[in-house]
Amino acid sequence: DEIKNVVHGVCKRMPKSVRQECDQFVEKYADLVISLLAQELNPDEVCRELKLCDQTFNAFRGNYFLKTIPKDL
1 DEIKNVVHGV CKRMPKSVRQ ECDQFVEKYA DLVISLLAQE LNPDEVCREL KLCDQTFNAF
61 RGNYFLKTIP KDL
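In case it helps, UniProt numbering puts the sequence shown at residues 1 to 73.
Treat the hints as calculated values from the structure; they're not laboratory data. Among the clues, some could well be false.
[As the list claims (entries may be wrong)] DMTMM-like mimics (lysine to aspartate or glutamate), calculated; alpha carbons at most 25 Å apart, straight line:
id	residue 1	residue 2
1	28	40
2	16	31
3	16	2
4	16	1
5	4	31
6	28	2
7	4	44
8	28	1
9	12	2
10	51	1
11	16	27
12	16	40
13	51	31
14	51	23
15	4	49
16	51	27
17	12	1
18	12	44
19	4	23
20	4	40
21	51	40
22	28	45
23	12	23
24	51	21
25	4	45
26	12	31
27	4	27
Model the full assembly from the supplied sequences, consistent with the hints where possible.
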């Protein structure tokens with residue numbers, strides 16, 4: 001739950017046009033993303049595993065988004 005709260009905080013900093021989508025993503029996928037990252041998959045692998053990213057633009061977005069999460073949680 002702590003990680004979800006931090007990520008929701010990141011969503012609040014995003015432009016209004018994507019804020020709601022960000023919050024919905026967190027609610028739908030956060031537990032799975034955390035589980036995959038705990039397996040030491042890199043953000044591109046997580047994105048592909050979730051079948052949310054193609055191999056270009058969306059992979060970049062997923063990588064950027066995951067890098068915004070503090071690593072000391």
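CA of residue 16 to CA of residue 27, is that 25 Å or under? It holds: about 17 Å lies between the C-alpha atoms, which stays within 25 Å.
Between the alpha carbons of residue 16 and residue 40, is the straight-line distance 25 Å or under? Violated: residue 16 and residue 40 sit about 31 Å apart, past 25 Å.
Has the given pair, residue 28 with residue 1, been kept, meaning a C-alpha gap of at most 25 Å? 13 Å, holds
25 Å limit on alpha-carbon distance, applied to hinted pair residue 4 and residue 49: 19 Å, holds
Are residue 4 and residue 40 close enough, with their CA atoms no more than 25 Å apart? 18 Å, holds
Need the status of pair residue 16, residue 1: alpha-carbon distance at most 25 Å? 23 Å, holds
Between residue 4 and residue 23, is the straight-line Cα distance small enough, at 25 Å or below? 10 Å, holds
Hinted pair residue 12 and residue 23, Cα distance within 25 Å: 8 Å, holds
Sort out whether residue 45 lies within 25 Å of residue 4, counting only the CA atoms. 20 Å, holds
Just to be careful, I want the Cα atoms of residue 51 and residue 31 compared with a cutoff of 25 Å; is the pair within it? Holds. Residue 51 to residue 31 sits at ~15 Å (cutoff 25 Å).
Is it true that the CA of residue 12 sits at most 25 Å from the CA of residue 44? Given pair residue 12, residue 44 holds - Cα atoms ~23 Å apart, limit 25 Å.
Please verify whether residue 51 and residue 40 have alpha carbons no more than 25 Å apart. Within the cut-off at roughly 18 Å; holds.
Hint compliance for this structure: hint 12 alone is broken.
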